[in-house]
Every structure is written in C-alpha cells, then in structure tokens.
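Asker: Make a model of the complete structure from these sequences and hints.
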Amino acid sequence: MAQKSVRGLGNNAWCRVTDIASSAVVRIDDVIELEVGKVGNGGIFISRHEGKIVFVRGAIDGERVMARVTAINAKWIRADVVEVLVASDQRTVPPCQYAQSCGGCDFQHVRLSHQRDLKRQILVEQLSHLGGVELVGDLPLSQIVVEPMPEETDGLRWRTRMRFQRGSDTSVAMLSARSKSLVDIHDCQIAADDAVAVAQSAKKFVKAREISVVTVNGSSVPQDSTGGPMIDEQVFSRTWHMKASSFWQIHRKAPETFVTIVQEFAQLSIGQSALDLYSGSGLFAAFLAKDVGATGTVVAVESSIDAVRNARRSCSDLAQLELVTSDVSKWLSENSEKSFDVVVLDPPRTGAGDIVCVHVAQMAARAIVYVACEPSALARDTATLVSHGWQLTKLRALDAFPMTSHFESFALFERTDPIQNDPILKPEPSSN
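Numbering (the UniProt record's numbering), first residue to last: 1 to 432.
Rather than coming from a laboratory, the hints here were simulated on the basis of the structure.
A few of these clues could be false.
Distance condition first, Cα-Cα at most 20 Å in a straight line; then the derived EDC-like pairs of lysine to aspartate or glutamate [to be verified]:
1. K394 / E414
2. K52 / D29
3. K75 / D138
4. K204 / D184
5. K243 / E264
6. K253 / D154
7. K207 / D193
8. K207 / D232
9. K204 / D232
10. K180 / E374
11. K330 / D317
12. K253 / D232
13. K180 / D169
14. K203 / D184
15. K204 / E152
16. K38 / E83
17. K253 / D224
18. K290 / E334
19. K253 / E152
20. K338 / D232
21. K290 / E337
22. K75 / D89
Now the in silico label distances, taken between C-beta atoms and shown as ranges [claimed, not checked]:
23. F236 / I305: 25 to 31 Å
24. D224 / E151: 28 to 34 Å
25. I355 / V93: 26 to 32 Å
26. K75 / D317: 54 to 60 Å
27. A364 / I28: 55 to 61 Å
28. H129 / Q391: 16 to 22 Å
29. E322 / D194: 35 to 41 Å
30. G137 / R27: 48 to 54 Å
31. G132 / A294: 17 to 23 Å
The structure displayed is predicted, hence computed values, not measured ones.
We treat Cβ as the ideally placed atom computed from N, Cα and C, and that holds for glycine.
Answerer: Here it is, written out as structure tokens:
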C-alpha cells in the first residue's frame, strides 16, 4: 500500500496517508482525501470513501480535505480534518486556541452566519425526512431561519454552566471530541470570563474529577459536593432560589427569551388552562400561570423531585399553579379524561415519544407548544402528532448554543381533525 506523511492543522498531526487508487483497506489513523458534502445532525459533515459514508469533523460543506480516520464500522468511517486542500469561503480562524482538540465546540472554524445556516439545514433535513413536513402553516419549510439570540454579536461568552475536568496542576481540562482523553485549557471562549479561573481555584477544595461552575449575575461560583451553593436566578420579576447543580438553561439570555416565545405561541387568556409537561423547575409554568390569572389553571408535571422542589419554593404565590411530581407518561395515562386549552411539551433530548404524543394528541386542547433541543426528536414527535390530527403551523429556531451544532426549536401545533380513538392507547385484548 502506497503511503506518505502529511502535516495538518495541528503541530503534531503527522499521519499515514492511504493511496486512494490502491483500494487498500482503510485503518485507524490513515489519512484519506475527501470531497465534503452536506452537514449532518451532530456537527459532522457527510462524505464518501470507497462505498462507505464518512462522518467528518472540522470540515465545511464544499471543501476538499485530508482527514485522519478515528473510527471504522462496517458501514461508516469517522474522520477528523488534518489539512484543508480547498477551503470554503465560510471558513474562519477559530477564536479559541483549543478548538481543534477540545470536544466542546463543533463549528468554531465556521463563520457565525454560516453556522446558523448549517443549523437551518439540519432542522429542515430532520423535519422533512423524519417528520414528513413540507409546510409550516403556509410557509415552505425551506424558508425557516435560525435566529441569533438577543444581544448576540460574536457567539462568545454566553454559557453560564460549565463542567471542567481537573487537568494538570496549572490548568483545568475539557474532554476531547468523542474521547475520554483530556485537553488542558487556560480559557474557554464560550464560558464567562472568570469561569476557568474559578474552576482552577476550586481544585483546592473540590476533590472530584469533575468541577462544575455556574455563572450568576456575571460572577462564577463552583459547585460543592452537595450540589450547592444556593443561587438565585431571576427571570423578569420572578426569582428562582435553587442549588447550583439544578438544571437551568445555559445561555444567559435563554430563560427570558424562551418564556416569551412559549407565551407568544400559547396565547393564553384569563380563566383558561394549560398543561406543562416535563416542567422542570417551573420556568414556563410560572409565566403561563400569570397569563391565565387567578381564575385559570396550570398543571405542571415533572419527574425530578429536586426540580419540583425548586418550583414550589419559587412559585408559592401562584395558587392557580398545581405542581405534580410524576412520570409524564404515567400521569397522562391516569388523567386521560382531563382537558386543557394548551399543552406545553419540553421533553429531554430523546423526545416525548409515541405514547406521550398520542395521549396529548387526544386531549381536547386547541394548541400544543413543543420546545426541542434535539431536531431529530422533534421530527419524530412531529410525525406522530401530524398522523393524529395536528398540523405544524408555526416554527422558530434560535441559535442558543453558538459555536456548537446545537440549537433550540419552538413548534406550534394546531388541530386539523376531530379527536380520534387511537388503538395505540387501548389495552391489548386478554388472552384468557
């Protein structure tokens, strides 16, 4: 097999190059030449080599690159760019010196405007192929855009929650991409200015391998072994008092921005009702409760005891808000006779799933507001809702995680067909 060495983007990226014409078996650490195609979900780009799909990290669509093979499967190859032969005009110098080795960001080498277009492509691809969506209301799906977050200029210093590894004596570390190996860092461009320094100082009293840092009101604090300290997160005029380890949106502008969109989509009035599923610490539920007023009702269902405790502590003044600690699917199966004007779904990355979506679809609601951080999950659940009499009428996507491949989507579904009895919810006949 013909081989040669190539020096790539990193100072030590000397690798074996496979002569493509030889049709030799590709091995780990071989370097192959690739024509880069479209973006794929998860921040990789799609290429092909000798009949196999190649998932390429560090590329941009339209480029020609040399990439080092990092993993091989019977059907696919994973590879990281080591040299760019023909560069895209959307390529830029990463603002972070650790961008190539650190696994925290996917798109630092891509201009910010093109990052958002790549995310738009991911959303359109997932919704069209997995969700069967062509139109959002009367708008072609292809015309959807991914919007910047408010006050976003350069995509940096937005992240309020960070998890660092201990690293060396003089630094903390991040995990490298798709690996448990560590990359020592002295700064993180997407974190608050003082986050790394706070984590480094915390190594003196935090003995765990992982050090979590939370930024509140511009100042960073490390978590202790109990998940503390207690912090205050303010959203508009309401304050959440919670442990630093509690789940919270990580973009500094996300809570208020997301609440505003959910309220805009829900369009609740005084005296109406809403069901908030996967309600967390009650972020959406609190403001939906204000929208329906004292004569309305909001039921918030969440399985995490700690999250519900946060909601009770922070929303005790809202008598119209009922907080329920329960598995969502279990609660729905036990309360199928209840009806609400609006249902809000904010499931984990895996999505709500068929059973939950069908239960929700059969409720006598006028609207479903779906909040998603994973486009493939949104697409699968969209297909379920559409097949049970609902239409996707509004869709917004926000670049809430710049420099990464992630983004947040907000979907409004409205009913198109009368409620149908669905066999998926009926018990199977007894064999006795």
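Asker: Now tell me if each hint is right for this structure.
Answerer: Results for each hint:
{"no.": "1", "hint": "K394 / E414", "in the structure": "holds, 9 Å"}
{"no.": "2", "hint": "K52 / D29", "in the structure": "holds, 17 Å"}
{"no.": "3", "hint": "K75 / D138", "in the structure": "violated, 39 Å"}
{"no.": "4", "hint": "K204 / D184", "in the structure": "holds, 17 Å"}
{"no.": "5", "hint": "K243 / E264", "in the structure": "violated, 30 Å"}
{"no.": "6", "hint": "K253 / D154", "in the structure": "holds, 14 Å"}
{"no.": "7", "hint": "K207 / D193", "in the structure": "violated, 23 Å"}
{"no.": "8", "hint": "K207 / D232", "in the structure": "violated, 25 Å"}
{"no.": "9", "hint": "K204 / D232", "in the structure": "violated, 25 Å"}
{"no.": "10", "hint": "K180 / E374", "in the structure": "violated, 23 Å"}
{"no.": "11", "hint": "K330 / D317", "in the structure": "violated, 28 Å"}
{"no.": "12", "hint": "K253 / D232", "in the structure": "holds, 15 Å"}
{"no.": "13", "hint": "K180 / D169", "in the structure": "holds, 19 Å"}
{"no.": "14", "hint": "K203 / D184", "in the structure": "holds, 14 Å"}
{"no.": "15", "hint": "K204 / E152", "in the structure": "violated, 35 Å"}
{"no.": "16", "hint": "K38 / E83", "in the structure": "holds, 19 Å"}
{"no.": "17", "hint": "K253 / D224", "in the structure": "violated, 25 Å"}
{"no.": "18", "hint": "K290 / E334", "in the structure": "violated, 27 Å"}
{"no.": "19", "hint": "K253 / E152", "in the structure": "holds, 9 Å"}
{"no.": "20", "hint": "K338 / D232", "in the structure": "violated, 35 Å"}
{"no.": "21", "hint": "K290 / E337", "in the structure": "violated, 25 Å"}
{"no.": "22", "hint": "K75 / D89", "in the structure": "violated, 31 Å"}
{"no.": "23", "hint": "F236 / I305: 25 to 31 Å", "in the structure": "holds, 26 Å"}
{"no.": "24", "hint": "D224 / E151: 28 to 34 Å", "in the structure": "holds, 31 Å"}
{"no.": "25", "hint": "I355 / V93: 26 to 32 Å", "in the structure": "violated, 48 Å"}
{"no.": "26", "hint": "K75 / D317: 54 to 60 Å", "in the structure": "holds, 56 Å"}
{"no.": "27", "hint": "A364 / I28: 55 to 61 Å", "in the structure": "holds, 56 Å"}
{"no.": "28", "hint": "H129 / Q391: 16 to 22 Å", "in the structure": "holds, 19 Å"}
{"no.": "29", "hint": "E322 / D194: 35 to 41 Å", "in the structure": "holds, 40 Å"}
{"no.": "30", "hint": "G137 / R27: 48 to 54 Å", "in the structure": "holds, 51 Å"}
{"no.": "31", "hint": "G132 / A294: 17 to 23 Å", "in the structure": "violated, 42 Å"}
In the structure shown, a violation is registered for the earlier hints numbered 3, 5, 7, 8, 9, 10, 11, 15, 17, 18, 20, 21, 22, 25, 31, in ascending order.
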